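Protein chains: 2
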Amino acid sequence: MKKLFTVISIFAVSVYPLMAQDTSTAGTNSIGMITGFAAAILALVFAVILARTLLKREEGNAKMIEIASAIREGADAFLNKQYRGIALFVVIVFALLFLLYGSKGGFGIYAPISFITGSITSALSGFIGMKIATRSNARTAWAARDSLNSGLRVAFSSGSIMGMTVVGLGLFMVCVWYELLSAMGASWTEIGEVLFTFGMGASSVALFARVGGGIYTKAADVGADLVGKVEAGIPEDDPRNPATIADNVGDNVGDVAGMGADLFESYVGSIVATIALAAAAFAGTGEKIISAAIAPVALAGLGIIASIVGTFFVRTKEEATQENLLWSLRIGIYVASILVVIFAYLFINNVLGLGTGIFWAVIAGLVAGNVIGYFTEYYTSDTYAPTKEVALSAETGPATVIISGLGLGMKSTLIPVMTVVIATTIAYYASGGSANPAMGLFGIGMAAVGMLSTLGITLSTDAYGPVADNAGGVAEMSKLESHVRERTDALDSLGNTTAATGKGFAIGSAALTALTLLAALSSILTPVMIENNLTFSLTDPRTLGGLFIGAMVPFFFSALTMQAVGKAAMAMVQEVRRQFKEIKGIMEGTAKPDYQRCVAISTDGALKQMITPTLLAIVTPVLVGLLLGPAALMAALAGSLVSGFCMAIMMANAGGAWDNAKKYIERGNHGGKGSEAHKAAVTGDTVGDPFKDTAGPSINILIKLMSMVALVFGSFLTTTYINFFIK
Amino acid sequence: MKKLFTVISIFAVSVYPLMAQDTSTAGTNSIGMITGFAAAILALVFAVILARTLLKREEGNAKMIEIASAIREGADAFLNKQYRGIALFVVIVFALLFLLYGSKGGFGIYAPISFITGSITSALSGFIGMKIATRSNARTAWAARDSLNSGLRVAFSSGSIMGMTVVGLGLFMVCVWYELLSAMGASWTEIGEVLFTFGMGASSVALFARVGGGIYTKAADVGADLVGKVEAGIPEDDPRNPATIADNVGDNVGDVAGMGADLFESYVGSIVATIALAAAAFAGTGEKIISAAIAPVALAGLGIIASIVGTFFVRTKEEATQENLLWSLRIGIYVASILVVIFAYLFINNVLGLGTGIFWAVIAGLVAGNVIGYFTEYYTSDTYAPTKEVALSAETGPATVIISGLGLGMKSTLIPVMTVVIATTIAYYASGGSANPAMGLFGIGMAAVGMLSTLGITLSTDAYGPVADNAGGVAEMSKLESHVRERTDALDSLGNTTAATGKGFAIGSAALTALTLLAALSSILTPVMIENNLTFSLTDPRTLGGLFIGAMVPFFFSALTMQAVGKAAMAMVQEVRRQFKEIKGIMEGTAKPDYQRCVAISTDGALKQMITPTLLAIVTPVLVGLLLGPAALMAALAGSLVSGFCMAIMMANAGGAWDNAKKYIERGNHGGKGSEAHKAAVTGDTVGDPFKDTAGPSINILIKLMSMVALVFGSFLTTTYINFFIK
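Going line by line, the protein sequences match chains A and B. Just so you know, this note's numbering puts 237 at position 232 of the first sequence, and the rest follows in order with no gaps. Just so you know, this note's numbering puts 355 at position 350 of the second sequence, and the rest follows in order with no gaps.
With the rest of the complex left out, here is chain A (with noise of 0.2 Å):
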């Protein structure tokens, strides 16, 4: 099998070159699509075959597939549940594009149906990664009974299938509408209206993903952590902590779903929003717009060969230390990496014909998107010293754990913000925007591109985590041999890294992806604007008035996820408690709590407090645009996203360097677990969950719905705006 996919590979690397002999337009176009096309369904079938081999490992023991098919029910009914809530926006929203498009005639029936088609493939890709990794769990554990490396491969099979279910689906839809609506003769601008309706249904199902999901997941984590380990002092994932299931329930539909589906519309969006940029900036070249369109589809689809490459180079042995480990999951990156340099620099040069140019700008997003995961690791990792600061800081109790946490969290904004504005600078430069902006702007989408080229591998690396997670869980609940445990805690602590190596790239994502939908959006506004004699003027109150709102919007929606996850985690520390008081002999080992009813208040609790927060990225765009104009709608997609980029890294950093600095004492520093130090450790920890896993991750899509509801809506909008304030 693997060596199917080997040949496969060398073949892709090597057959490039030689197409790029064949340099007729027709034939280049051609092979930019196939190679798209192709990719996508590699990418699915690659996924399927995993998924195969996979399935057919065994589960474990019977109390293992017992604890697994509870985490399996419990995240299923999450997400069925969900869905259902999501499904009566999407028909809400659909009657409203169906009325705002459909009336128009012509190409405009098909935005509304890709608005389902968008909303559907990503609520698939959170779907398909969550029962997976519900499915990897137990066998991971069981695997680990064998060996690390073994272990190590199953969880990495998960994370991979996900990494590439989201990757073949993005692409593979973009490619269908592409194909479909160029073959039916519709312009670029109707081509691009209903890729970024397909865009918009992905962003706000993955809002509702990330803000459910993230709201599920820290309740329960919180609420099993507050009641079980704090006040009954029993270890975490002990079988008669009644949340226990709720909280390993939580890393699938927060971690896993909701990751998938943040990740997948950042990719489905820097992609649409490149075809945008490329119709714009060659405007007019015949057939070379075709070459420019199709550059971003070619370079994802390389990506993914790559990427699947990537994914054989990840292995280990039996006495791997924590840094073998982490450095058999780089190897798979880095080699996915040189291969896309390398297909980028032949494809984008000799078989489209761009130039240079935006090759380089192509390198710009890739290196920009190593380098903030780096400083992601550098300020969360306890192996650095701003962790240890943090660790430190404990022995002074809980309030000076919370100031140096928040500290660093602040401090790490500065690296990945000077990271975006070099690498947008050169990107812009490199691809010739100082002679033409609008080939600059496609430059910076081509970074986007680039930076996302290789998420095939690196969410795979990231979404191995939460299995990771679980399946020490599921041993540690099945009492699994002692070596078990170590091994699946050797590679959760791996999980975490990757996580925060993965956050800092999807908010590096968030923002260039954001910066491209922002350029597109100009692209379209700025000629209604100029006909109406409307400028973009900063000392406009109106403009001033969009900015401060737009910065203002992630603060108040991290308000909102953070006050979200605590009305629900109250609502599970009280039935936690409760059960601990009437079931009698919980603590005993001899009765058994009632985990589905813990599965059922976080359900509830996140359900309803997703919807105000996800309104609020809807509903500011529409309300800015329709009473201050056009000028204010950008700016306040500006002001979101220069304030929200840096509130997310806060709050990533903060976050993931309270929960390392904790387990650094765990292992026996500054006194270890128990001690006066660990306890603050614990508080900066607790604050830290929702800062991470709920508010942090969601401000990344919050800034990409924005602006796709503004791309979406931004013709109308304005149109109203000139007609009711204007004329």
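Since the hints were made in silico from the structure, they are not lab data. There is no bait here: all hints are sound.
Heads up, the list lumps identical chains together, so a pair's fine if it works in one copy or across two of them.
Listed below are the simulated DSSO-like cross-link pairs for lysine-lysine, each with C-alpha atoms no more than 30 Å apart in a straight line:
(1) LYS597 / LYS586
(2) LYS613 / LYS393
(3) LYS586 / LYS393
(4) LYS684 / LYS484
(5) LYS572 / LYS613
(6) LYS393 / LYS234
It should be emphasised that the depicted structure is a prediction, and the values quoted were computed from it without experimental measurement.
Using the hints provided, position chain B relative to the given structure of chain A.
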């Protein structure tokens, strides 16, 4: 004495409508300028009279005099050392300005000189405020022995001296420079240059004062609390605590001197920027330009007169409740506000003939300031739901206190942002911005001046707080009768409320001032940009880069200041622990702790740590302007303004809510003092300290100083950038 002032004020009120009859242009101008000069001098004379009356009062018994002089010496020592450090900085910048402006010839030489005068008067405002405050603490405690009203009057007198000094000095200096330059025939551009360097001098000293004082006060406070209250279990202000004098010194150098310099700079900044905007808006209108340019000066002068009248309404009766007390301060502000409205209407409309549009702009600013102040109180006072929720969350431990406090802080950004957006929009359009944008910007400037017009009295009610706080400390340490402490506690508690309102007011005015400065910068840079074919485009990576960097600066800056507090506090903690261990008999009261050593440690820590954050504020706009150009420079200011505004509000309100939630619990709720909930609330309060007293208020100045630096160096930076990168 009081009667004399009442007469003067009533005369002032009645004479204006009469003066309004004189509509000859020259007469108008002289009346406007005379109002400014006269009011400034009136304020200073009033301050001197208040100070003389105050200093005649008894300072209390020997013990009190000893304690008061220890606090005084500590504060003097800090300010002396701090000002010496600042002097070095001022000399360096003077040299730079001399090279930059002096070489231009003409009026250029006045720019560096006005920088010096700005620095000195800013320092002087803080210095006088601090001198008076450290002379009022014991006097307030001693007067409180007689009655609550006596205590209130003494403390409020002290606040008024500070308030009047700030507005008097500020307006006087602006009038002097304006008159001097126009008498010598300087152009509007030259007047602007000199006034802006004056503002930059004020701003840079203000930032040093705020950051240095903020670090000092919180290092001492945290040190005193962590070891004294938490570890040794002795009450606050207990003379056995070695850090107690340093803690009391901190109130004076941080809350008094720092705040004085802060608002001095907002006050001056809004006036000078509005003069520049008037010149831009009325260019080519002959004498009318002078009327407009003098309008902010006249408005500020009218505000001073209104404030003086207002102070006479502040008094209370003995059996006053908390609400009576609050009302007794509020009534003064309300009287002043109403008078300003009347004065402004008559003067702007009748005397200056600028029309009612500008009047409405002033009202928009005045109302906005009060709305923001009110909602600051709403979010931080324990009489309202938000702070009560934070107190309730203390029942589940420190982590939930932190989460709910941060959530409250983030949520509380909504209303201030919307208020600023609405107020600026009203100010802009009411002044005719839709026909002539420059008029709209002048309107925004007048709104800022309007908001700050009653600063004389609002600052009095704010600066009164630390005096009452210190009075309590002196009463405690000198073991006065318990009813004295009760009275000073009532005054102190009121001080916390007015401080909250004052903080909201400081943030709101900082935002409007920064907006005004940004508008002034735009009016300077736009012609240069047009000349060189540079546009302000949101999709230019330089502009976006500027926006990103600007938005990040408040995060990075907050991290620096918070970590500075952490470091300085850590040194203090160790010193207090050392003294408790090494000096035998401290706890028994038989040996005296070494107060001076704690004062010295706070001083050194604060001075060392204040440098980097301040330089960041100065270096950022310079680098952005040089490397990314004028559009990026403006974007950076806008970015830092919008994200800094949200950060400042979040930090101030979270900190205020934590503080009051703790006090609410101490009054017996949720288990009262000593309960687990109380411990959790103390954690919140400790985190809140650097939030609300160091980082938060410093951001106000950060955003203004960045704008001032941009204004002073903007032309030079832009020319250099264009020569290097564009030509």
